[in-house]
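**Q** For the record, the sequence lines run as chains A and G. Counting along the first sequence from 1, when you hit position 99 you're at 99 in the working numbering, and nothing is skipped either side. Counting along the second sequence from 1, when you hit position 7 you're at 322 in the working numbering, and nothing is skipped either side.
Hints may be right or wrong, so weigh each one.
[Unchecked claim] Estimated spans, in silico, between C-beta atoms of each pair:
1) A/Met299 / G/Ser477: 33 to 41 Å
2) A/Leu143 / G/Arg593: 34 to 42 Å
3) A/Glu193 / G/Val424: 32 to 40 Å
4) A/Glu193 / G/Met479: 33 to 41 Å
5) G/Phe442 / A/Leu295: 46 to 54 Å
6) A/Leu281 / G/Tyr476: 48 to 56 Å
7) A/Leu178 / G/Arg475: 54 to 62 Å
8) A/Pro5 / G/Leu495: 55 to 63 Å
9) G/Phe588 / A/Trp177: 32 to 40 Å
Hints listed in this document are in silico derivations from the structure and should not be mistaken for laboratory results. Everything numeric in this text was worked out from a predicted model, so none of it was measured. Note that the Cβ used here is the ideal one computed from N, Cα and C, for glycine as well.
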Amino acid sequence: MKHDPRLIAAAVVLAVVLLAAGPAFLPPFYVRVGQLMLYSAGLGLAWAILGGFAGYASFGHSAFIGIGAFAAGLVESRYSGLPPVLLLPLGLAAGGLACAILSAAIAYPILRLRGTFFAIAMLGVSHVGAEVTNNIDFFQGALGLNFPPLAPADMDPAAFYYELFLAGALSILLISWLIRRSRFGAGLLSIREDEDTARMLGVPTERYKRVAFVVSAVLTGLMGVIYAHSLGYITTESVYRDDTNLSLIVYSLLGGMGTLFGPVIGAGLLVFITQVILGRLLDFHLFATGLLLVLLILMAPGGVNGLLNRKRRPA
Amino acid sequence: MDLIAQTLADGLVLGGIYALAAVGFSLIFGVLHVINLSHGVLVLLGAYLALLFSELLHIDPLLCIPPVMAVLFCIGYGYQRFLIQHAVDRASVNSMLLTFGVALMLQNVMIWLFSPDMKNITPSYAFNSFKLGPVNFDAVRVSALLASLALLSLLAAFLRYSPMGRVIRATAQQTMAARLCGVNVRHVYALTFAVSAAFAGAAGIVIGIILPFSPNDEGTWTLNAFVVVVLGGVGSPAGALIGGLLLGLVSTLTAQYIGPAFPNVTMFLLLVFLLLVRPHGLLGNAFAASR
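Start from the sequences, fold in the hints, and give me the full structure.
**A** Below you can see the structure in the form of structure tokens.
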């Protein structure tokens, strides 16, 4: 099926404009939900560059949220005299750089592990990151870090961060799309399908994996920096979160592992279910998430995308 | 000098318990190639059941080991047969996430049933201790260690000498060949899971005697089990024992000499180092799944 490229472009522009106009007509609660959906979608997409395309499912990506957020916070508090317009780019640069350096440093040992070993080793990375941040005074993880308010005076902060998350998620979507179309993306898919054969056929698997890992880490870190600003005050617990570690996998599972829009669909659905439907049933939260996970694995391992495809092409 | 001896002794006691808590995880991993992230929940379930039994019947918590193991044996068998079996043959991440989902649900159920507060099991001899040279031993810790070693030997003997143990080992080595020889692989899988759950429950009792526990600890025990298995090697009680003792020593030494907040950091660094230099674990059993 071929579509007219102009039609697609028009539809994309319309969708973006509609999304961007969201806060103007949504009630405040749904602006919050929208924020969370966009933030989650961005994280899910960044995770999927490594986890979905290359098949290296990380169970500890909240490490990069935390590293990005704390690096940004520490740098920004040192230059707190600067105007807010400069602070955010400064924070983003600091957070992204910290994630890039750290992920490049651990990429070599940790990417030698595969499958569940990689997943659990990443969980270890996030736990160690949390402990180090919490226990070394320099990082102020236990004490907490304040972030300066960035929103312009004439704008609702919730709407402002909604737009920032939207920009972040869209950029990551664009990057994922570009990667998916490129030779690099094809290489990552071949790693997911059969790493040893791919290497035998001349795909530079080691380099591709490492680049994907660093790109994924940096993008996660950047979303983390925006998230930290939207919270205004962070401690170790608010950024190094195990439920984030889990959610990132669930987004892809729910939407469809390895597909471009899978994490977006999954993040949207899961945030809607947990925030809107289960919002009042806090005692029931863990149970419901667990049940959803179990049902998902047993009944729909291909996620929403998989279900749709099965309907379309009965195999 | 005394401090070093005391630290080493504490580390060994803790290590014996880590080993017992990890041996079931190791068995499932070795035979089914499933990472059971609900292992920690099973451990805590054992601890809560023992608390219940010992308060109801007023008996020594260590005497609760047989009934608790029997209950968890049945739970484990059903759990594998009706849930895990459906995900065993799919990608390894799927079965891992399935067990994680179950872990979340059971953790929530435990919070409903037993409240999220810290609990502990207090046997009558809780405050007795004795000295061996310069080193102090608590009676509870020693009995916990002895129980752990006895149970580990029991499991090792079961796997080594009983016909069922031989079938389990055969399935772990060559699933296809075992099936060709007439082994009912599903039954063996479920049985392995049941044995593993029973030992997790026993470990829970031993843990409950020496440490406070709450439903939120399950992650710690699962992660510990994973580290022990990676350190020692997969699928054998001896590997779990070596891994457990090593982990116990490293964490007490770190807590004593580097800082009480850092055992996890050194543990993880040790783990990564070992995966790099000896990816098959210290005892050298092959990890089919790791590379």
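**Q** Determine for every hint whether it applies to the structure shown.
**A** Hints and how they fare:
Distance hint check for A/Met299 and G/Ser477: the Cβ-Cβ separation is about 38 Å, which falls inside the suggested range of 33 to 41 Å. For the hinted restraint 34 to 42 Å between A/Leu143 and G/Arg593, the CB-CB distance of approximately 40 Å keeps it satisfied. Remark: the range hint 32 to 40 Å for A/Glu193 to G/Val424 is upheld by a beta-carbon distance near 39 Å. Under the hint 33 to 41 Å, the C-beta atoms of A/Glu193 and G/Met479, about 39 Å apart, fit the expected range.
Judged by the Cβ atoms, the range 46 to 54 Å given for G/Phe442 and A/Leu295 holds: they are separated by roughly 48 Å. For A/Leu281 and G/Tyr476, the hinted distance range of 48 to 56 Å is satisfied, since their beta carbons lie about 51 Å from each other. For the pair A/Leu178 and G/Arg475, the beta carbons lie near 57 Å from each other, so the given range of 54 to 62 Å is met. Range check, A/Pro5 to G/Leu495: Cβ separation about 57 Å, and the 55 to 63 Å hint holds.
Taking 32 to 40 Å as the suggested C-beta distance range, the pair G/Phe588 and A/Trp177 conforms, at roughly 39 Å.
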